[in-house]
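Engineer: The residues making up each chain are set out below.
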Amino acid sequence: MQRETQSLSRLRKAAPNSLPRPDGELEALERAWAPPKGWRRLSAVNNTQVGLWYIGAALLFMLLAGLLALMMRTQLALPQNDLIGPTLYNQLFTMHGTVMMFLFAVPVVEAMAVYILPAMLGARDLPFPRLSAYALWAYLIGGLMFFGTLFFDAAPSGGWFMYPPLTSYEYSRGIGADFWLLGIGFIEISAIAGAIELIVGTLRTRAPGMSLGKMPIYAWTMLVVGAMIVFGFPPVIAATLLLEIERAFQWPFFIAARGGDPLLWQHLFWLFGHPEVYIIFLPAAGMISTMVPALARTGLVGYRWVVAALIGVGILSLGLWAHHMFATGIPQLSLNFFSAASMAVAIPTGMQIFAWIATLWRGNVQRSTPTWFLLAFFASFVFGGLTGVMLAVVPYDWQVHDTYFVVAHLHYVLIGGMVFPLFAALYYWAPLVYGRKLSERIGTWACALMFSGFTVAFLPMHLTGLLGMPRRVHTYQAGLGWDALNLVSTLGAFTLASGIALVFVDLALSSRRTRPERPNVWHAGSLEWLPQGAYGVRSIPRVEGQYPLWDNPALAPEVQSGQHYLPGTATGARETIVTSPIDASPQYLLLVAGPSWLPLLAGAGTAAFFLFLTVKLMLPAALGGVIALVACWLWLWQTDRGPVHAPVDIGGGITLPVYASGSVGHSWWAMVVLLLVSGTILSALVFAFYYYWTIAPGPWPPAPDTLPAWPWPAAAALLCAGSARLLRRARQALDRHAHRGLRAHLGIAALTSLSAWMIAIHGQWQAGSLATAHAFDASVYALLSYQGLFVAVVLIMAAYLLARSLAGVLDGIRRVSFEVCRLFWLYTLWQGVFVLAVIYGSAALAGAT
Amino acid sequence: MHVARSLIAAALAAGLTATAGAAEQSVHAPASAAAQSIHELGIAMYIGAGVITLLVVAAALVAIARTGRPVRAGWFVLGGGIVLPCAVLTLLLTAAIMVGDALSRTALAPVARIEVIGHQWWWEVRYLPPPAAGTELGRLLARLCGAGVAERARAARDDGGAVRAIVLANELRLPVGYPVEVELTTRDVIHSFWVPALGGKIDMIPGRVNRLVLHAERAGTFRGQCAEYCGGPHGLMGLVVVAHEEADYRAWLANQAEPARKPAGDLRVQGQAAFLRAGCDECHTIRGTSAGGARGPDLTHVGSRRTLAAGTLDNHVGTLAGWIADPQNVKPGNRMPPGKGLQGSELRALAAYLASLE
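Chains E and A supply the protein sequences, listed in that same order. Numbered by the working numbering, the letters in the first sequence go through residues 3 to 851 in order. Numbered by the working numbering, the letters in the second sequence go through residues 2 to 359 in order.
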């Protein structure tokens, strides 16, 4: 690698830059990062702006879903109540669960990270600010439209878990289920965009010297969570694709009469659904690991153990999904395995809890609103975790599964484990936004109301469940012992709501008394408490320990006066330092994207595409799709600016280039993460394909004569290999600056990729295989269609590269666009070969035996 | 130790039933060995969970209340986070596997096979035609029911096809002391069969047959309910299970094997006529009459059932009339069409006729 990383040994003890700073340096920095004013503010992409909107949007959805919960509690307050009928009630609980999980819990933890993480890492922004903005707009616009279906009696009513066949075309004829599938589909896209941002941001934009071992636990958490999203969300993306196709085209993935199986949906859904719980809880744990040391004024006890625990939870969480399926009649032996794995999660979680208690034990704890919320967390989460262990006991679960005991458990874990820490975090980090603490008095009252309301609402629910009340019932018979308990729960729910309302009153009152400075009110040790402007920190600190502000008490004035790295803007544009992933040595200067309307446009277009598609308005849907595509094209066109500036001296004798291609570049890393997501979706589809084999009662494949003769797949595979070869030639041409050769090879490679796919699908078609006939055929066409989607993207990429080459903005040096597209393209080709091998290789093997 | 545990268990159970008033559907009012073992496991876990929660919260409170003292990370993180949970979980997992294993094996061969089919939103309960005489199962069943019943049931199957079996709706009757195998399937979406007093639940999934052995150890009436969300009025899909002493069970089964009673008296004769005129027979079967519909519940002995509309209403003439007049008001979304233009007098006659089908 020609751009070898700068060695840390060159760092000296003295601050890397000297005083006084040149005139106009700070002003230039302020100019580069000046937020757009007036209505143009909507074009802002900076993480401190987008992060706040993002948090606000997530909290809005929490309030909306909370209102739905209050409506349900009102209906359930009395037995045989007919205030709300089953039709509306089923929509209410479906939307409550879906909105809380997909539109509140996951977005809010990503939003908090978008806001806090760059400051905590010493970065000026996230590596892809426009991607965050896009994720926000797609989520906010799409989420509001999704919620709006409630007002048109078009909301889904299949439960947030959407089990077929209840949710398939035969038993859910309206468009509610489609809204769920498509709506959630693009919220998944938004979550994955966020995950890419967080992973690359955490690994590549840390302040110089902040090696992995010195990285704040919160950053570790978000790194693990990012990885969990990468591996946890794809199964549900695959599942929603399959169910929507079944609904729209009657491909029988989940229809038992035609070789499908409703349990496949449950496997795929919970393969996502369980990691999801930890995707929500771990960020909260990360916040606790940040707040506890600051409040206790002492470092976290057992840093390494906590990191190990985080990674342990991340891995274990992928292996517990079947504990949601203990009552489906799957074999006893596998039940015991999942039971043991589910219990084992208590170990890493216990390690974290005891690390926090040990830290509180060692320190002198500041008694303040966040402390009270953390106490509420301890009391409720520990109990919720223990009822979770009870649910992992298979025979016990056979009794309490799908009863109010589980409702109580999951609210103890989610409100206890995530909402209380989140509110602690709101009070803890509010000074970053308001320049002062929120009201102690209101905060204490709010916490007391929330905790008592929560306990009164959910503690009795354990009993209600044990007395036999199932979940998801719109009413219940009097005299079964549930009446008084339900009334009490309803009173508790309203008390909890009043506590939450009080927090919003506090936020509203405080926003009118905002101060510009960001005082370190808790005397915390992490970087987000450094003085900051719109540009983040004035100079990017050199980090020497886990608590930089405690390690070097003079750090704040040093940073603010510009004595650390990159005290201004070198190129006149927005910049941040990219460092190496393990030891955080500076590598190059990332030119950060500035304000733009394109992410908003692309987000709105994406939301419009999915939602118009749902209501089968094809023309507006196509229009939305085109808008999204064009906006993305224009947005990307502005990136990959090449080495626009000579290498820059950032201080401390370190000179950094302003452009990096190859595997050192941040875009390359983002593409690798995206390909991991793609590969995981593929494995979920391959899992489905083999799953049908394992459950097939008769021969498999069910109708071997509807498979194409071997020359069809063989020809397709050969064309894929040929296309990869052409792509290599294209790269060689690029190396030689041979523009014509590049274009010719790109063009032919694109055509070869397309024809490979067309031959594969035509081969299957001409053999007489019908996707609606049997789950086997449906799964074959699903794999081929998935490949088709990638080929379509490859064609767009080829056109994009050709356009860039023709416009003269793609050459042997300015080549990140080419490298990133090439990575995707190669993946697509090998995915094609793999898919063909899986389908026809397995069928041939099965036929031979 | 054992005494203390039983005392606490008794106190908790008493607390549970006191809050309950009635405990027809309680997990902690077991009527079978299976439910009993889960009940005991549950009580032990509540005590453990309560103690651990209190200790952790106390530790957190003390940690916040007092000023800093040096800590040994290993003691806290490894002791509290690894050693303690490993010890507790190993014990618990062993107990869980032992109980689960015991529950999935059955000691005795079942004496009867009952098929329960889930429908949106009711339960079809079919007493499967008895196994051939001479097999072990056949002999057991003959001993239990008396040879005559088995003979008649077999004859009924032979002359009339499937609809001639003993078919109930939303009600399951069991002999005390004998294991009965229940075969669980569904006609539409996923449901879940759950009678807490007799043990855990198991789902009814399209394309699969799940089996559950019920073994009531005391006579009584227990309530069950669909436990997997199945759309619409899922909350109103109840099930009554009655466990009879052997002699009572035998008598009940003999009665159920008979075709429906002939209507006695004008009112009931008019009721039967109204039944046919309003087209009720399109969906309902009454064995011994021309009504042979298969979409809705079999009504041959509807008068003998405890509830209507899957545990939603008590069953008597008045509720029968109300249910037939406006089923959508009683159970919104269910598949029973309203009224059918029956006049008041016809409705009364129809209700009287159905109530007489005991």
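The hints are simulated quantities; they were obtained by calculation from the structure and are not laboratory data. Be a bit skeptical, because a hint or two may be false.
Unchecked claim - Distance ranges between label pairs, derived from CB positions: (1) Leu85(E) - Ala274(A): 37 to 45 Å; (2) Tyr692(E) - Trp253(A): 44 to 52 Å; (3) Val617(E) - Ala274(A): 48 to 56 Å; (4) Met99(A) - Leu631(E): 57 to 65 Å; (5) Gly176(E) - Arg106(A): 51 to 59 Å.
Only a predicted model underlies this, so the values are computations on that prediction, with no experimental measurement involved. Heads up, the beta-carbon is just placed ideally off N, CA and C, and yes, glycines get one too.
Engineer: Does the structure break any of the earlier hints, and which numbers would those be?
Structural biologist: Structure breaks hint 5 only.
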